[in-house]
Amino acid sequence: MPRLPPSLLTTVARESPLLSLLLKECRTLESARNELRWLRERVLRDGPAPGWATRLRSMCRARSRGLPLQYILGDQPFGDLDILCRRGVLIPRPETEAYTFQAAKLIRRAIETSGTKSLSVLDLCTGTGCIALLLHALLAPHIEQLRVIGIDISPAALQLARRNLTHNLERGSLTDRASADVQFHLADVLRDDKHDIPTVEAVLFDQGLPACDLLVSNPPYVSPSDFRDGTTARSVRHFEPKLALVPPSLHGQVSDLGQEDVFYSRIITLSRKLRPRITVLECGDLMQARRAAAIHESVTAEVSEDFSVEVWPSGQRDLEENGFHAHDGSRCVIIQRRDKDLCRQPD
Amino acid sequence: MLSICARCLLRSTRLGPRLPRQRAALHTDDPGLSPALLTRARFLAAEHAQLSDRLGETFDAKAAKRAGELGPVASVLREWDTANESITELKSLLNDPGTDTELHSLAIEDLESSKASLLTISDRLKQSLIPRHPFADLPCLLEIRPGAGGDEAGLFAFEMLRMYMALCSRRGLRPTIIKQDSDSGTGEDRLAEGVIEVETEGAYDLLRTEMGVHRVQRVPATEAKGRTHTSAVSVLVLPSFPEDGSSMDSALNFEDPNSDYYIDPQEVRTEKMRASGAGGQHVNKTESAIRLTHIPTGTVVSMQDSRSQQANRKKAWQVLRAKIAEARQEAREQEIMVLRRGAMGGVAKMGRGDKIRTYNFNQARCTDHRSGITVHNLDNVMDGGDGLETVMDSVRTWLNDREVEAMVVEEQTKQQQK
Chain H
1 MPRLPPSLLT TVARESPLLS LLLKECRTLE SARNELRWLR ERVLRDGPAP GWATRLRSMC
61 RARSRGLPLQ YILGDQPFGD LDILCRRGVL IPRPETEAYT FQAAKLIRRA IETSGTKSLS
121 VLDLCTGTGC IALLLHALLA PHIEQLRVIG IDISPAALQL ARRNLTHNLE RGSLTDRASA
181 DVQFHLADVL RDDKHDIPTV EAVLFDQGLP ACDLLVSNPP YVSPSDFRDG TTARSVRHFE
241 PKLALVPPSL HGQVSDLGQE DVFYSRIITL SRKLRPRITV LECGDLMQAR RAAAIHESVT
301 AEVSEDFSVE VWPSGQRDLE ENGFHAHDGS RCVIIQRRDK DLCRQPD
Chain Y
1 MLSICARCLL RSTRLGPRLP RQRAALHTDD PGLSPALLTR ARFLAAEHAQ LSDRLGETFD
61 AKAAKRAGEL GPVASVLREW DTANESITEL KSLLNDPGTD TELHSLAIED LESSKASLLT
121 ISDRLKQSLI PRHPFADLPC LLEIRPGAGG DEAGLFAFEM LRMYMALCSR RGLRPTIIKQ
181 DSDSGTGEDR LAEGVIEVET EGAYDLLRTE MGVHRVQRVP ATEAKGRTHT SAVSVLVLPS
241 FPEDGSSMDS ALNFEDPNSD YYIDPQEVRT EKMRASGAGG QHVNKTESAI RLTHIPTGTV
301 VSMQDSRSQQ ANRKKAWQVL RAKIAEARQE AREQEIMVLR RGAMGGVAKM GRGDKIRTYN
361 FNQARCTDHR SGITVHNLDN VMDGGDGLET VMDSVRTWLN DREVEAMVVE EQTKQQQK
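As they're listed, the protein sequences go chains H and Y. Per our numbering, residue 1 is the first one in the first sequence, and the count goes up by one each step. Per our numbering, residue 1 is the first one in the second sequence, and the count goes up by one each step.
Keep in mind the hints are simulated off the structure, nothing from the lab. Honestly, I wouldn't trust all of these hints.
[Claimed, not checked] Covered stretches of chain H (chain Y as the covering partner; in silico rule of three or more C-beta atoms under 8 angstroms from a C-beta of chain Y):
{"hint": "1", "region": "34 to 40"}
{"hint": "2", "region": "66 to 80"}
{"hint": "3", "region": "92 to 99"}
{"hint": "4", "region": "144 to 156"}
{"hint": "5", "region": "322 to 333"}
[Stated by the list, open to error] Examples of chain H residues lying across from chain Y (beta carbon under 10 angstroms, computed):
{"hint": "6", "residue": "S31"}
{"hint": "7", "residue": "N218"}
{"hint": "8", "residue": "Y221"}
{"hint": "9", "residue": "V222"}
{"hint": "10", "residue": "P224"}
{"hint": "11", "residue": "D285"}
Glycine included, C-beta positions come from ideal geometry on N, C-alpha and C.
Let's have the full structure, built from the sequences with the hints guiding it.
The structure is reproduced here in structure tokens:
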């Protein structure tokens with residue numbers, strides 16, 4: 001972490017001691033000021049209750065120790081939704097928001113060209129349920145029948161995802177049909193042997209869903225070394241669940257697959273059975289996205305079907321509009337099945 | 001007197017819309033109302049009568065709206081005619097040698113009061129002739145930026161933000177601060193840019209008197225040697241369009257490419273501003289700033305106040321639309337101004353760059369340079385109280401007077417061309 005210039009520290013200290021606390025984690029005056037305003041707005045939301053100043057100070061102190069703002073405030077905007085956040089479940093990121101919008105845009109185009117009336121969506125490693133819920137909010141007005149299934153291995157995440165469903169129904173950001181259309185189920189994405197946690201296939205079989213149209217996932221993708229060596233921010237390392245960040249090591253399985261890529265391999269294999277028109281997988285960076293694309297190539301090598309695979313965003317306009325760095329930072333892989341009858345390849 | 005009025009009223013209603021043509025020739029005792037304006041009023045009243053006839057048969061929303069707009073013109077014009085007629089009759093009574101002395105003195109008294117009331121009526125007639133501002137019915141955005149004067153300008157801009165917030169709250173206008181930026185290295189009470197959204201319809205009309213450069217003269221809190229400084233703060237009043245443009249009139253529907261206020265999304269560059277480097281699961285940044293650039297005009301709007309990027313994007317679009325609509329409207333007004341200037345030989349419009357008002361703290365006064373009004377209760381003005389409203393009202397009257405002047409010139413040129 002680069003050292004902050006002393007002049008900045010003195011200005012900030014003069015302005016407010018709370019701001020100095022926030023600056024430790026925020027690193028820029030701009031964002032420290034924004035966070036202070038958001039915290040203050042939250043504390044004073046229902047008018048100045050006794051002890052609000054003390055509460056605000058303790059919130060700032062927690063923030064200076066690295067506790068994510070979203071865990072302090074308890075929520076994070078995601079599209080037009082308000083996603084509740086709790087310790088133990090990964091906080092939704094703005095990149096994920098961008099991928100979700102892009103996925104919705106692509107599948108809508110596919111619906112329009114093929115004229116289908118029903119759509120099924122599968123979200124693996126759903127966490128807070130943010131992707132599944134936002135996709136429902138974006139797609140429901142354009143399709144008659146919509147089913148969205150979110151899968152996660154963590155009971156805490158599933159509980160929170162269900163709460164997010166009701167929370168957003170209550171605040172009117174989801175239409176009433178979402179309560180029937182969206183479901184969250186416990187399953188282990190990685191294992192397909194006998195285990196006390198059901199497999200994805202088993203869950204889908206129970207639900208009578210042999211296939212899906214859109215497969216999205218933001219799986220754990222941080223490598224153990226990235227987790228340790230400072231690439232991963234302190235706040236993330238200390239306060240967010242490792243389960244959602246670093247994939248488990250698969251002992252005894254001989255492969256040249258890096259530990260950080262195990263989910264891609266498994267999800268792409270799974271997608272051979274589910275035959276989605278569009279698959280969107282979040283990756284840590286450009287290299288990982290290319291590796292995921294390569295996994296897809298090798299899995300579908302002997303198949304006669306035609307796919308288009310792209311790493312998104314890559315054009316300058318897409319990068320800028322979605323706040324991505326030109327070289328670093330997260331990317332996603334978008335795999336589209338070229339099906340001459342159903343889904344014509346858009347431009 | 002009373003009986004005369006009643007008769008006139010009856011007569012005018014009986015004869016209906018055919019009257020104007022005959023009456024246009026009627027000579028008037030009104031020095032305030034020029035023949036040109038009278039012709040315009042007759043023309044509009046005749047249009048109103050036509051519309052009312054048509055509305056009697058079939059309902060048409062567009063015609064009804066236009067008729068509603070013209071209604072005041074027609075009714076005030078009727079009042080004006082009535083007053084004029086009674087004056088004429090009184091005069092003929094005075095000129096008649098057969099009138100007895102008692103009646104004569106009564107008639108003189110009546111004539112005086114009638115002439116006085118005619119003046120107020122013709123004033124109202126002038127006001128009713130002023131065309132509605134295209135944005136008059138809209139809610140508005142009020143943008144405040146410090147100008148020359150450094151820190152002090154920022155401090156005063158912040159006080160003005162509070163002043164307008166207080167004014168709007170007091171008037172029940174639902175104001176929200178949608179943007180409040182301060183420069184890095186300065187305190188939060190020093191505004192770099194502030195935008196207030198006033199959601200109530202018609203707020204644009206109410207606040208448009210505030211557009212321009214406001215000047216403050218005082219010994220700033222930051223001044224050690226006790227010298228008086230002069231600084232400036234500029235205020236922009238922008239129309240605020242609803243999110244869904246199709247609910248608007250066709251002229252104001254910004255989603256319609258034929259509308260004057262349409263913005264091609266292709267011409268707007270969106271940037272989400274994020275600190276560079278790693279992203280995704282590795283970090284958890286809370287930045288949500290959005291910057292929009294309208295490429296043809298170079299207009300830039302950035303928004304970071306909400307935690308939600310979506311909300312920031314919507315607000316940024318709202319401000320961008322407002323700015324471009326205002327700029328286009330101003331360009332159109334400028335064209336009209338150029339046309340008028342030839343006839344009027346002077347300029348009567350205050351642009352956004354003109355100094356419009358001075359707040360002098362040493363003398364505890366607030367002077368508006370357009371209407372020339374001075375209010376001495378400066379504290380009350382800064383609290384957004386009655387004092388501020390008095391100033392705003394006087395400016396509104398001033399603005400209307402300028403409009404009337406311009407209208408006269410316009411009608412005169414029209415008639416000369418005929």
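Hint check results:
With 4 residues carrying a beta carbon less than 8 angstroms from a beta carbon of chain Y, the region 34 to 40 of chain H meets the three-residue requirement, and the given coverage holds. Counting residues of the region 66 to 80 of chain H whose beta-carbon sits less than 8 angstroms from any beta-carbon of chain Y gives 7, enough to reach three: the coverage restraint holds. With a threshold of 8 angstroms between beta carbons, the proposed coverage of the region 92 to 99 of chain H by chain Y holds, since 5 of its residues qualify and at least three are required. Residues of the region 144 to 156 of chain H with a Cβ under 8 angstroms from some Cβ of chain Y number 0, which does not satisfy the need for three, so the listed coverage is violated.
For a cut-off of 8 angstroms, the count of residues in the region 322 to 333 of chain H with a CB near a CB of chain Y stands at 7, and the three-residue condition holds. Given the 10 angstroms rule on beta carbons, the hint for S31/H holds: about 6 angstroms separates it from the nearest Cβ of chain Y. At a threshold of 10 angstroms, the smallest CB-CB gap from N218/H to chain Y is about 8 angstroms, leaving the interface hint in force. The beta carbon of Y221/H comes within 7 angstroms of a beta carbon in chain Y, closer than 10 angstroms, and the hint placing it at the interface holds.
The interface hint given for V222/H holds, since its Cβ lies 6 angstroms from the closest Cβ of chain Y, which is under the 10 angstroms cut-off. About 13 angstroms separates the beta-carbon of P224/H from the nearest beta-carbon of chain Y, more than 10 angstroms, and the hint is not met. Look at D285/H: its Cβ gets to within about 8 angstroms of chain Y, closer than 10 angstroms, so that hint holds up.
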